[in-house]
Amino acid sequence: MHLGVCYYPEHWPEERWAEDARQMREIGLARVRIGEFAWSRIEPEPGQYDWDWLDRAVETLHSAGLGIIMGTPTATPPKWLVDSMPDMLAVDREGQPRGFGSRRHYCFSHEGYGEEARRITRVVAQRYGQHPGVVGWQTDNEYGCHDTVQSFSPAARDAFRRWLAERYGSVAALNEAWGNVFWSMEYRSFDEIELPNRTVTEANPAHWLAFRRFSSDQVIRFNRAQVEILREVSPGRDIMHNAMGFYTGYDHHDLAQDLDVLGWDSYPLGFLEMFRFTEEEERDFARQGHPDIAAFHHDLYRGCAKDGRWNVLEQQPGPVNWARYNPAPLPGMVRLWTLEAFAHGAEMVSYFRWRQFPKAQEQMHAGLLRPDGEPAPAYAEAASAGRDIADLGAVGEAPKHAALIFSYDSEWITQIQPQGEGRSALWAAFSAYSSLRRLGVNVDILPPETELDGYSLVVVPCLPVMTRGLADALKRFDGEIVVGPRTGTRDTDFAIPSGLVDQEFADLIGGKIVRSESLSDRLQIAGDGWTAKGWLDHYEGEAEPEFVAGSGEVCSYRHGNLRLCCTWPQGSMFERLVERAARDAGLPHEALPTGIRHRTCGSTRFTFDYLTAQISFD
Amino acid sequence: MHLGVCYYPEHWPEERWAEDARQMREIGLARVRIGEFAWSRIEPEPGQYDWDWLDRAVETLHSAGLGIIMGTPTATPPKWLVDSMPDMLAVDREGQPRGFGSRRHYCFSHEGYGEEARRITRVVAQRYGQHPGVVGWQTDNEYGCHDTVQSFSPAARDAFRRWLAERYGSVAALNEAWGNVFWSMEYRSFDEIELPNRTVTEANPAHWLAFRRFSSDQVIRFNRAQVEILREVSPGRDIMHNAMGFYTGYDHHDLAQDLDVLGWDSYPLGFLEMFRFTEEEERDFARQGHPDIAAFHHDLYRGCAKDGRWNVLEQQPGPVNWARYNPAPLPGMVRLWTLEAFAHGAEMVSYFRWRQFPKAQEQMHAGLLRPDGEPAPAYAEAASAGRDIADLGAVGEAPKHAALIFSYDSEWITQIQPQGEGRSALWAAFSAYSSLRRLGVNVDILPPETELDGYSLVVVPCLPVMTRGLADALKRFDGEIVVGPRTGTRDTDFAIPSGLVDQEFADLIGGKIVRSESLSDRLQIAGDGWTAKGWLDHYEGEAEPEFVAGSGEVCSYRHGNLRLCCTWPQGSMFERLVERAARDAGLPHEALPTGIRHRTCGSTRFTFDYLTAQISFD
Amino acid sequence: MHLGVCYYPEHWPEERWAEDARQMREIGLARVRIGEFAWSRIEPEPGQYDWDWLDRAVETLHSAGLGIIMGTPTATPPKWLVDSMPDMLAVDREGQPRGFGSRRHYCFSHEGYGEEARRITRVVAQRYGQHPGVVGWQTDNEYGCHDTVQSFSPAARDAFRRWLAERYGSVAALNEAWGNVFWSMEYRSFDEIELPNRTVTEANPAHWLAFRRFSSDQVIRFNRAQVEILREVSPGRDIMHNAMGFYTGYDHHDLAQDLDVLGWDSYPLGFLEMFRFTEEEERDFARQGHPDIAAFHHDLYRGCAKDGRWNVLEQQPGPVNWARYNPAPLPGMVRLWTLEAFAHGAEMVSYFRWRQFPKAQEQMHAGLLRPDGEPAPAYAEAASAGRDIADLGAVGEAPKHAALIFSYDSEWITQIQPQGEGRSALWAAFSAYSSLRRLGVNVDILPPETELDGYSLVVVPCLPVMTRGLADALKRFDGEIVVGPRTGTRDTDFAIPSGLVDQEFADLIGGKIVRSESLSDRLQIAGDGWTAKGWLDHYEGEAEPEFVAGSGEVCSYRHGNLRLCCTWPQGSMFERLVERAARDAGLPHEALPTGIRHRTCGSTRFTFDYLTAQISFD
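Sequence lines, in order, name chains B, Z and H. Mapped onto the UniProt record's numbering, the consecutive letters of the first sequence carry residue numbers 1 to 618. Mapped onto the UniProt record's numbering, the consecutive letters of the second sequence carry residue numbers 1 to 618. Mapped onto the UniProt record's numbering, the consecutive letters of the third sequence carry residue numbers 1 to 618.
These aren't lab readings, by the way, just hints derived from the structure by calculation. Worth double-checking, as some hints may not be accurate.
Chain copies aren't distinguished; within one or between two, either way the pair holds.
To be verified - Here are the simulated DMTMM-like cross-link-like pairs (lysine to aspartate or glutamate), alpha carbons at most 25 angstroms apart as the crow flies:
1. Lys475 - Asp284
2. Lys533 - Glu279
3. Lys306 - Glu45
4. Lys533 - Glu280
5. Lys533 - Glu362
6. Lys533 - Glu282
7. Lys475 - Asp528
8. Lys533 - Asp284
9. Lys533 - Glu281
10. Lys533 - Glu579
11. Lys475 - Glu282
12. Lys400 - Asp307
13. Lys475 - Glu166
14. Lys400 - Glu194
None of these values were measured; they are calculated from a predicted model.
Model the full structure from these sequences, guided by the hints.
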C-alpha cells in the first residue's frame, strides 16, 4: 500500500514546491493528487491555456519521486464558461437554477457542458497523459456532493424522456409498469412525462425510482466519457474516482465498472456528526468516529470495485470544517485509520490535504501542515503509519467469513418510500454490518449479483428487489442465511409482486410476507431478554417462529438454513439472531468490548481499539 | 346503516369483477363507491369517451345487488387537459406553480378548469344519472387534501379582488374594516390588492382572514356547480362529499348546505401519528388511535350536515401509507370503529378500499383484500360488524346531553393569529370534547347559529367571533354554560370590538376581557389539586372568581349559569370545571377509565374499550 | 431623562387627540414620537399631499407641551409607489421578490426608491422642520427588521460590483484576497461577480463577508441621505434611529456616526422567547426577561453612540404579539425597565405605544391604554417611574469598571463560519457580559477602536478581526485583560494571518493559536469544580496554563496581565476566570444572587431585582 496526499501547488508560492515535495517523501508519501480544482488556472481565458505552472509543478513532484494522480478539473468550471451557457447550471427540486460561486455547478444532462468537460479532459490528458510522473487519473471530484446528481432542468427532462422511451419501448408499457391508472396519471406519449418534482403530493414512487435510476445513469455516462478519453490518450494509468461516505445518489456498482480503482473520501468525525448516530455515540466517539464508519465503507467499496481494487483518496487528518461540530481526532486516530484501511485492503491512503489553505471555503479544514507551513499533529502520525506498513510488509488475503448484500436500488426504494420515518436499506445494512463486526468477523459487502462461495454466513438486511442471481446463489448456498424486512417485496419497477413476494424468494423463505407495519421507536417489542422495534413483517408459510415476543409478535422465523428477521435489523434481538446464525455456521466469533474491532488477513489479526486509538496485531 | 367499500374496477382484470362483487355481498356490503379517479380511462383523449368498461363495471356491481356511489373524477384531471391550459395548476405560497404527477392539481379559481370540471361532471351524470344501480354521487374527492384550497395564482388574485369588491362595496370600507392605515397599507382601488403571501413580515390578519374566507367560498362554488348538474341530470340520488380529519381549509358548514349527506374519511391511526398528540398517547393508542379521534369527527360532521345526514366514506381497514409510522390496527379495531360510527348515527361506513393495489402512491395502503386477492384481517371484521349491526337493528335516537360550539372562522382566526404557538380553536374544541367524553356523556358539535333547546350543558371552547344567533341562544339557555378563552373578542373582520368584547357577550359574562396572555407550557398555573396553562384572559366585571391559583391568577369565573374559563380549555382545572358544570346541570356523568368511551342511543348505551377493542351494549 | 410615547393620531378620531395629549402630560410624558408609518395619509395620491390632519395633530401635541419626534415614513411606502416601480421590492435569498402588504418592502440598493425616500423626507422636513414643537427626528423605522438588510436583487448585484471595484481596485486583488483560486472561482472582471446566494454549497466566506459589509454600507448610505436633508432643512433637532435587540444586520457603530442619538427598541419578554435562552431561563424570567437583556443593549448602544447619547425609542409596556408566547410583564417591571434605562444613562424612554390599535398586524400588542381607551397596567407604572426619576434628580456619572469589546464584523464572521453550530461573537459577548454583571460591576461595551483608560478590566470575548487600535490599546493597558477564543485569527478579508494570528496579538498572548476545535455541548470538559465546553483553541507559546482539565486540556492560559480563555466564554470555568481577573484588577465585586443586578452612578448604587420587580438605591 502507498501513502499519498492531496496537493494544490496553485495555492502556494512556487518557491515552496520543492520543499513540500521533499517533506512528502521524507515522511514516506509516494503519491500526490493534484489538479482537480485548477481549471481557472489551466484555462484562464476561453481557449487560452496556461500550462507552464502546472508543467513545473508536475516536474517538481515527479523529480522528488512522487507518483502523480492527476484530476480532471470538471467539478469546478470557471465563471466565463458558465456565463457562456448559463443553462448548464443544475436546477433544484423547487425548479430554481443553482448558482456559481462554489463547486459542482453543472447539470449532468446538459450537452453543452458535457462537450466542454470532454474538451478539457482531452487537453489535460494530452498534456500529461504520457508523462512518466503521472501514474493515475481521478475523474472530476465527488460526484453528487452537495446534492448534485439530481437536476430538474429542461435538459434533464428531455433526457429523462429519451431514457424512458429507451427503457420501456412504449408509453403503454410504462403506464402499466408504474400503475399510472391509479390517479389518472396515464400518459399518451413520452413527451407528456414531467420530472417528479413539485407534484401536489408525492409522485408515483415508480416515477421517482425511474428518475433516480436515470440520474444515476447520467453520472455514469458523464464519467464514462472522461474515462474513454483517458484510456485513449493516457493508456496504462489507473483511472479512479473518489466516492463519499453514506452516499447513495448514484449506483456505485455501476460507476466502478468503468474505473480501475474505486476511491473514497474518509472523514469519520464529520460523518459521526452529520449522520444518524445516537447522542451517546456522538459523545463517546466524538474524536474517533463510530468504529464501523470507516470499515463499512472500505468493505462496501471493495465490493463495488472491479477486481476489488480500491483506495482512500482523501483521509481526514484533523478537524474538518463542514460538520455541525468539528473536534480534533484523538491522538493516534490518523495512524489507526490509515492502518485500518490497509487491513481492509486499500491500495493507497491519501491524506486530504498537504497544507491547510488560509482562505476560502475550507480554511478551517486541517492538513498535514498548518497554514503557516509547520507540521500539524497528523504529520507525524502519517509518518508513523508509513513505518508500520513497511514493517508489516505484505499480509495474507482476508479469509471469507460473512457476506452482506446491499444494492443501490434497494436504498432508493426505501428512501422514496420509507413507510416508517428513517427506515432505509443503507442504514439497515450499516446496523447489520455493525452487529457482525461486534462478533469480530470479516465482512464483505456485496452486490446482489455475486458469488457466495466460501462464506459461512450471508446477511441480506433489506433488499426489496431480489435479483435472479442472488436468489439462485442463496438457493445453492450451504452456510447460514439471515434475511431482513422488506426483502423480495418489489419488482424492478417498484410494484409488489403478484405473489406478494418474489417467487424464488418465496421458495427460499417457505412462504410470503402478507402485511408490513412500520413502528415508531416508542413501540418496543420485548422478548426474553431482548427487544426489537422499527418494523414488523407478518409472515405466512411453513417456517418456524424463532424469536417470539411476550405479547405474541413473531419477530423472526427459521426455515432450513435461513432466518427471516421481521423487525428492523437492529437492537438486541437482531444481535442474538446473528450470533445464532454465526454459531450455526460454525464461524468462530466473540462478543467484542465497546470500541474494539478486528480484521483478519492471512495469519494476522488486527485489533483496533477506538477508545484508546491503540492498534495491535496477533 | 349500510356497509360499503371503495372499489377501483380499472385496477383489476375484468374477469375478477364479478367475483369481487360476489364477495362484497357475501360479507354484507351494500354500497360501493367507484369512479372518482378514472378520468383518464373515461376520456383517454380529449373529447373521446370510453364508456364501455365502466358500463360493464356498473352493470356487474349493480346486478350483484350493490348500490353504487359514483364519483365525479375532477380531483384527477389527465395530463392532456393540464397541457392544454398549464395555468390551471395551483400556485403555492412561494408563488411557484405546482405540478402534474399526483392529484388535486388544479386551482379552484381557474375558470377554464371550472368549465372542464362541469363538462366531465355532466357527461358522467348523463351516462349514469338514471341508472337504477346508481344510488348516490360523490363530488370530486377530499377537497383541500395536500393543502390545495389556497392558490396564489393570477386567477385567484383576480377572483379575490372581485370577491372583495362584492363584500365591501368600496375600497374605503375595506381600508377601514381592516385598519389598513396601520402601516400605510391603504388601497386606492380593489385592483391594488394582492394576495397575502410573500409579504415581508406577516400580512394584515384581516387580509388573511378575507383570503381564507374567499378560498373557502371558491371550494363551495366549485362544488355547487357539480351539485347543480347532478341534481338536474340525476335527480333523486344523494349527493355527498368526503371531508377529512382535523381539516379546516374550507367551511364545512357551508359545504354541507349543498349536499344531502356529508361524508368523511376516518383514519384514526394515521391521524394519531400526524396530529398533535402526546408521545404517551402515540404509544398507548398506536394501534387504536386516540379514543376521541373518530367520535369527534362523527359528532362534528353530523352537526355540519343538513338534516344531520352523514356517513364514513372511507374507513381505515389496516395500515396506511402516509403517516410517519404506519402500524396495523389492533385486532377488533376495524369492527369497533364501524360500530362506533353506527352508534354516532352514520348512514354508512365504507371501507377504503376493497383490494390493495400493488402499484403507485398508495401501494402500502391496506384494503379488505391483500394485493394477491386474499382476505386481509379487516375482511372478517367488516363481516362481523355487519352481523352486529343487523343484530342490533334500529337503536333509538341519541338523547341530548352536551352541545359544543365550533366555527370555522374561529379556527381561521386562531390559525392566522395564534398569539401563542399552537393555540387554535380546533384543538381547544378537541380537548374540551375529550373532557366531556371522559364524563360519559353524548356530545353534539354545533355551529354558532343553532338551537340549544334540550341540552343540559353548552360548551364554547374558543369562539373569537360571537354570532348574534349564539348570543341570543345562550341568553335564553337555562342549562349550564362553559365559555373558553378568546371568545367574543373579534368582529367578523378580525377587529377587537370597541368594548373589547362583543356587546351581547359582555352581557352574558357580566364584564369584559381586558388583557390576554399566551403562556408557554413551561408556565404551569397550579391551584388546589389542579393545574392550568396555555393562556390567561384577564377579566373585569361582576362575575365571581371560581378557580384561583395559589399565585393569585384567577383561572375561571362564574356568572349565573355561565362559567368563564380564562386558561386554555385543557388539563385538570378545566376537567374539574366541566365536571362541576355537568353536576350543576343535573347531567348524569361519571369519570371513565382510560380508553373507555360511551355513546347512548335511545335505551342502548354502547361502551367502547379502546385498550382492548371490546364493545358492549347495555 | 424624559419619558415619552409613540403615538399614531391617524389611528384615532381627531376628537380624541387633545384628551390623549392631556393624559400624556398628566402622567409625566414629555416626548411623543409620531408619523413614521403615515405615508399613505401624508401623500394619498402620487404628488398630492394632505398635510391638514398632521398639522392639526402636531399643533395639538405641541400646545399640550409635548416635544415631538417626527419619523420619516420611509419604512412603509404606499402601494401606488410600489406599483409605479415593482422592482423596488427586495429579493429574498432564494431569488424571489418579496411583496407589498406589511412593511419594509424596499431594496436599499434601488436607486428609484432612494430618490423617492429622499423626496418624502424633504417634503416632511420642509413642512415641520422649523416647527417649535418638533424637537427631533427619527429616520425610517428599525432598519433590518424582518430580515430586510440583504436583498438579492439586480440592483443590489450591480451596486455590489461597484462597491467591490471601489474597495479592491482590481479584480486580481480581490481574487488574491478571497483566495478564489481555491475552487476555480477566479473572476476576470468585477462584472462576473454574483451575489453569494444560491451557490451549490456555501460560497466563499470572504464573498459573504464582503456582501455583509456592502449590505451594511447600503443601510448607512440610505440613512445618511435622510440625515443630510434633515440637517439642512431642520437644523438643531436631534436625529435618531431605533435599533433593535440582538440584531447585527448592519454595523451600528457606523450608523451611529451619522446620528445625534442612537435609540433602540426594548422588548425584554419577546426577546427572551425568541432568542437563545435556556428552557429554565424562559420559565424563570417569562414575565421579566433575562436580567441582562435590556442592560446589555443599553451598554452596547451607549458604546456605539456618538458622544454616548442614546435612548429607548420603544419600551415594551405589556404583552407583545410577535413572540412564540406573549405573557404580560410582572407588575412593576415596566417601572423597573424604565429606571434601569435611566441608571444606564438613557436620555429618554419612550413607551410603544400610547393606545393599542384594535386592528391590523399589532392588534395584540399592548399600549399604555387599552383599545377601549382605558388605562392598561403600564399607564400607572409609567407615571410612577416618572415620579421616581424626578425624585432622583441627576445622578452622577457611572464609574468605569469593566470594558467589553465587540465588533460587528466579528459577529458576521462567526455567523458566516460558526465552525460549531451557534458559536457566534454576539452570544459570546452576551454571556461574558452576563458573567461580569453577576459580579455587580459596571460594564461598557466598546468598539475595537477605543480608549481603555480608566478601566480596571477589559474583556474581549471573541474578536476574530483584531484592529491596530485595539492591539495598541491592550498593549498600553495596565489593568487585567481577558481574551476569548478565535480572537485575532482573521484578517479583514477573512483570511487566516500568515502567522496564524495577528502579529501584534501574538505579542500580547506570547504565542499563537495553532488549532481550533468546536465541540458540541455533549462534550463537557471538567476541571476541579468547574466545567467548560463549546470550543477549544490550542495554544503554543510562553503563556502559563491556568485552568487545566482533569483530562489534560488546557482551557486557559495566563501571560502577564492577560488571560486567554481557550473554551467558549460561558459556564463555570469562565466565571471563575473572570472573577480572578476582577480580583487581580482590584475591582470590588461580589457574587450576586439570581435575578439581582447592580448599576452604580456617581454615589448611587441601583439594585434591580428581576425576581420581584423591586428597585432600591443606596
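Hints versus structure:
no.	hint	in the structure
1	Lys475 - Asp284	neither (42 angstroms within a copy, 42 angstroms between copies)
2	Lys533 - Glu279	both (19 angstroms within a copy, 16 angstroms between copies)
3	Lys306 - Glu45	neither (38 angstroms within a copy, 49 angstroms between copies)
4	Lys533 - Glu280	both (19 angstroms within a copy, 17 angstroms between copies)
5	Lys533 - Glu362	between (40 angstroms within a copy, 24 angstroms between copies)
6	Lys533 - Glu282	both (22 angstroms within a copy, 15 angstroms between copies)
7	Lys475 - Asp528	neither (32 angstroms within a copy, 63 angstroms between copies)
8	Lys533 - Asp284	both (24 angstroms within a copy, 15 angstroms between copies)
9	Lys533 - Glu281	both (19 angstroms within a copy, 18 angstroms between copies)
10	Lys533 - Glu579	within (18 angstroms within a copy, 40 angstroms between copies)
11	Lys475 - Glu282	neither (40 angstroms within a copy, 42 angstroms between copies)
12	Lys400 - Asp307	within (16 angstroms within a copy, 74 angstroms between copies)
13	Lys475 - Glu166	neither (33 angstroms within a copy, 74 angstroms between copies)
14	Lys400 - Glu194	neither (46 angstroms within a copy, 55 angstroms between copies)
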